[in-house]
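Assemble the whole structure, with the sequences as input and the hints as a guide.
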Amino acid sequence: MKRIALVEDNPDNRLLVRVILRELYEVHEYENGFDALAGIPARLPDLVLLDISLPGMDGTEVLRKLRGELALPRFPVIALTAHAMAGDCEKYLALGFDDYVSKPIVDENLLLDSIARCLNAKP
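Position 24 of the sequence shown, counted from 1, bears residue number 24 in my numbering, the numbering being contiguous throughout.
Source of the hints: derived by calculation from the structure; they are not laboratory data. Only a predicted model underlies this, so the values are computations on that prediction, with no experimental measurement involved. Even glycine gets a Cβ: it sits at the ideal position worked out from N, Cα and C. Keep in mind that the hints are not guaranteed to be accurate.
Claimed, not checked - Within a straight-line C-alpha distance of at most 27 Å, the following computed DSSO-like cross-link-like pairs (lysine-lysine) qualify:
| # | residue 1 | residue 2 |
| --- | --- | --- |
| 1 | K65 | K103 |
| 2 | K65 | K2 |
| 3 | K91 | K103 |
| 4 | K65 | K91 |
| 5 | K2 | K103 |
Said to hold, decoys possible - With beta-carbon atoms standing in for the labels, derived distance ranges:
| # | residue 1 | residue 2 | range |
| --- | --- | --- | --- |
| 6 | L15 | N109 | 16 to 24 Å |
| 7 | N120 | P11 | 17 to 25 Å |
| 8 | D107 | P73 | 27 to 35 Å |
| 9 | G87 | R3 | 14 to 22 Å |
Here it is as structure tokens:
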């Protein structure tokens with residue numbers, strides 16, 4: 001079973017994603033970027049779902065550290081964000097995210113399709 005790291009501070013959003021993914025993936029949850037940066041290297045995921053608006057360290061900083069400072073093997077990272085203005089998707093892709101899913105998640109297939117695309121594109 002593929003392993004997904006979910007980095008999300010909102011317990012309701014974590015629950016929703018957990019319910020959507022529980023039959024398909026092994027999900028490991030982190031409430032903030034600091035916990036994610038401590039836990040992900042010890043339990044490497046196949047993919048990360050990363051909230052942008054996290055307390056203390058935002059998702060873009062977490063991504064930068066995952067991709068650079070920690071020198072981890074490359075895995076896809078999908079931005080999960082309520083920032084759904086025109087141009088936001090392109091902005092997050094330019095920052096190095098592999099895909100973008102806006103919250104609230106009202107259609108679980110959008111999330112599932114994004115995960116499947118990213119996992120299938122993984123080198």
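Starting from the hint list further up, note which numbers the structure goes against and sort them upward.
Per hint list: 7 and 9 violated.
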